[in-house]
Amino acid sequence: MANNELWWPVCHSEDVSTTRPLGVHLGSERFALYRDGLGALRVVEDRCPHRRAPLSLGRITAQGDIQCGYHGWTFNGESGELCGFPNLAPGERMPRCSISTYLAAERRGLVYLWTGKADNADLAAIPEQPYALHGREFHGSVIHPMSHEEVVAGLLDAPGLFLDYLGVYFTDKPQGDPRLANGLLVIERAARWNLAGEKALHMGPLRHRADFPLLLRTHTAPVTGETTAQLLDARTERLMADILIAASPCARNMTALNWRATLYPEAHGRLAALYKLWFARGKSPVSMSSRVDTGELARVLPGVGEEWRAFSRGRNTDNKIATLVAIG
Amino acid sequence: MTHAMPSALHGADTGRSTAIVRDEFIPGSFALRDAWFPIAHAPHVTASPIRRLIHSQPYYLWRQGAKAVAAEFHPLQLEASKARAGEFTGGSAYYPVLERFGYVWVWYGNPQNADEGLMPDIPYLPRAGAKLSPNKWGQIYFNCSYELASENLLDLVHADYLHSNFVGNEENETDEVTVESTSETVTMIREVTGRTIPPALRRLGIPCDKADYRAVAHVHVRSGAIVLYGKFTPGFSQPLFHPLIPESRHLCRNNYTFNITDAPFIARNIFPLFSYGIGPQDDLMMSQQNPLYQAERGRRDVSSRFDAAGSRYRMILAKLVRRQQEGDFSYEGDADPGADISSVLGCARAD
Chain U
1 MANNELWWPV CHSEDVSTTR PLGVHLGSER FALYRDGLGA LRVVEDRCPH
51 RRAPLSLGRI TAQGDIQCGY HGWTFNGESG ELCGFPNLAP GERMPRCSIS
101 TYLAAERRGL VYLWTGKADN ADLAAIPEQP YALHGREFHG SVIHPMSHEE
151 VVAGLLDAPG LFLDYLGVYF TDKPQGDPRL ANGLLVIERA ARWNLAGEKA
201 LHMGPLRHRA DFPLLLRTHT APVTGETTAQ LLDARTERLM ADILIAASPC
251 ARNMTALNWR ATLYPEAHGR LAALYKLWFA RGKSPVSMSS RVDTGELARV
301 LPGVGEEWRA FSRGRNTDNK IATLVAIG
Chain R
1001 MTHAMPSALH GADTGRSTAI VRDEFIPGSF ALRDAWFPIA HAPHVTASPI
1051 RRLIHSQPYY LWRQGAKAVA AEFHPLQLEA SKARAGEFTG GSAYYPVLER
1101 FGYVWVWYGN PQNADEGLMP DIPYLPRAGA KLSPNKWGQI YFNCSYELAS
1151 ENLLDLVHAD YLHSNFVGNE ENETDEVTVE STSETVTMIR EVTGRTIPPA
1201 LRRLGIPCDK ADYRAVAHVH VRSGAIVLYG KFTPGFSQPL FHPLIPESRH
1251 LCRNNYTFNI TDAPFIARNI FPLFSYGIGP QDDLMMSQQN PLYQAERGRR
1301 DVSSRFDAAG SRYRMILAKL VRRQQEGDFS YEGDADPGAD ISSVLGCARA
1351 D
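Protein chains in written order, with our numbering: chain U, 1 to 328; chain R, 1001 to 1351.
If you are wondering where the hints come from, they were derived from the structure by calculation, not from laboratory data.
Positions of the beta carbon are idealized from the N, C-alpha and C atoms, including for glycine.
One or more hints might be untrue.
Stated by the list, open to error - Facing chain R, a subset of chain U residues (Cβ under 7 Å, in silico):
no. : residue
1   : P49
2   : H50
3   : Y70
4   : H71
5   : G84
6   : N87
7   : A89
8   : G91
9   : P95
10  : C97
11  : R238
Unchecked claim - Residues of chain U clear of chain R, computed beta-carbon distances all greater than 10 Å:
no. : residue
12  : E5
13  : H12
14  : T19
15  : L41
16  : R52
17  : Q63
18  : E78
19  : L82
20  : F85
21  : D164
22  : R189
23  : F212
24  : H268
25  : T294
Unchecked claim - Computed spacing ranges between beta-carbons, pair by pair:
no. : chain 1 : residue 1 : chain 2 : residue 2 : range
26  : R       : N1143     : U       : S290      : 21 to 29 Å
27  : U       : D164      : R       : R1063     : 41 to 49 Å
28  : U       : D15       : R       : K1319     : 29 to 37 Å
29  : U       : L277      : R       : L1292     : 48 to 56 Å
30  : U       : D15       : R       : L1076     : 20 to 28 Å
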């Protein structure tokens, strides 16, 4: 990770339980997450100092401590101190050892992990996304076989390859330049109905329909790439559906994407009716694609994503995104 | 028994580093040699050749008539490849082979040192072999180096915890562990009174809630041949031969034989199948440990008194590696791998 003083979204709040720890990768590091007896979120290094087994394969004790699944060494998730192991005689002294603990916070149904020094952790540094729950919500996770940088650049250059909006087509290229709002890069794209498939736009009876009654507006955190994508009615700017996409680097230079989607109940129109029907059937009409057409992605011409890539690498700091972030 | 062998260090040809970071346990970093390995169950070796590996060294096994043969090359390419035969076959392309205890054993090392007296003793298996039903022997892969799997077997605390459904938990009245060793072996003897018998064992014929338990793990460090013997009183014995064949730094093959003889019919035939429940439980942990042990440097493990046998194993392994790094592949005076261990195990000889 180029920047190690960040809040990284690593999983959904629902994934972290009081019974079984959850193992997550962030880059090459491994963490075990769980909730203690009081429901407090705990994050520890996913490695038992006894025989190096992952603590995420263990369990949570009745006292809310994390216990290794191999030999039962048990650690307090707040202090990291060893607090017991099986077969110990009454009064017997334990070896002195501890595991590393980390800070974590929850926002919008996601768990954010602080990767910097604890003293520098500032909850205000978690990007304020416009995503908010409106009634029913769906969530999911995918892992894409490409680096975090490629995923974020791809999301900025060709969101259609990553997002599944039922029956909607949107342009790759943005309308106008990106702008900065609340510390997020805001980019808008023209969108329209496309129930017949993309080919129909060019070849079928819809080819002369030049109207784009919808708008896709994305809000992207400049460093982590966390994005809220909003589908709006272009004329009224009334919101229809949001998806929050949390990207984080994981093992083998791949990227974990945790997404949450919600539908605005007041949305109306034919598309809104279709989406409501989908929600009622227990399906999300908005989600992340489980697979990316990498051949198609390779053909995408450089655009905003390329500028973001240069910005994230600290090069070409005179480009549009770097300038926006510097001013912001 | 002493076998001097002025030979080049093995290891470079398997891509392994021969450098051991002093006092650090890095499983899979060195290929110990000059030992017998029970490379295959005897019934698996037929007229049709099979291929096995020891520390990445290929062994082709087949039978010529009733006699088992092991060679560096496939029999169809043997004549054409003979000129490339290596030092482990003395240039002949054929390895030393013996058939004992229901296994085909091969020698990994200088063939001139292949002495039957160095073959581990397995007192509860007939030396001449026996026809056993197929559910009493099998193969399990562990996705780790054989050192980690050996240490796992010397660590009975994990059994109480990870395999408690199969072997019982730590709720014992008394529990004593003794560790003995030579320059080649580590023996852990655990004597437990008032052990809580798990429901699975009660159903298989141990007629009480609590029983005494004596378990012995006898580990041959060089070859990974591990002789296990447990006995519940009242109850039955669990004679498990558990050899770990080191195929690579990341994989070892367990050619086990679990021949219970003194239990009711159902237990005799069902209990050995526990291997397929216990094996994956261990593999879940060991496969995760393996890359950490091989990649991490400078972070020492924290141990407790329950790790005495494992710590002894690491110490003896390190000494053996050091000696072999210096070109000494001999067995020291205190080492007698072939010694009768029936009294240590507390079992009767099968022959």
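Each hint tested on the structure:
| no. | hint | result |
| --- | --- | --- |
| 1 | P49 | holds, 5 Å |
| 2 | H50 | holds, 6 Å |
| 3 | Y70 | holds, 5 Å |
| 4 | H71 | holds, 5 Å |
| 5 | G84 | violated, 11 Å |
| 6 | N87 | holds, 5 Å |
| 7 | A89 | violated, 9 Å |
| 8 | G91 | violated, 14 Å |
| 9 | P95 | holds, 5 Å |
| 10 | C97 | holds, 4 Å |
| 11 | R238 | violated, 50 Å |
| 12 | E5 | holds, 24 Å |
| 13 | H12 | holds, 24 Å |
| 14 | T19 | holds, 17 Å |
| 15 | L41 | holds, 24 Å |
| 16 | R52 | violated, 4 Å |
| 17 | Q63 | holds, 17 Å |
| 18 | E78 | holds, 20 Å |
| 19 | L82 | violated, 8 Å |
| 20 | F85 | violated, 7 Å |
| 21 | D164 | holds, 34 Å |
| 22 | R189 | holds, 43 Å |
| 23 | F212 | holds, 51 Å |
| 24 | H268 | holds, 52 Å |
| 25 | T294 | holds, 28 Å |
| 26 | R/N1143 / U/S290: 21 to 29 Å | holds, 27 Å |
| 27 | U/D164 / R/R1063: 41 to 49 Å | violated, 59 Å |
| 28 | U/D15 / R/K1319: 29 to 37 Å | violated, 47 Å |
| 29 | U/L277 / R/L1292: 48 to 56 Å | holds, 50 Å |
| 30 | U/D15 / R/L1076: 20 to 28 Å | violated, 54 Å |
In summary, the numbered hints that this structure violates are 5, 7, 8, 11, 16, 19, 20, 27, 28 and 30.
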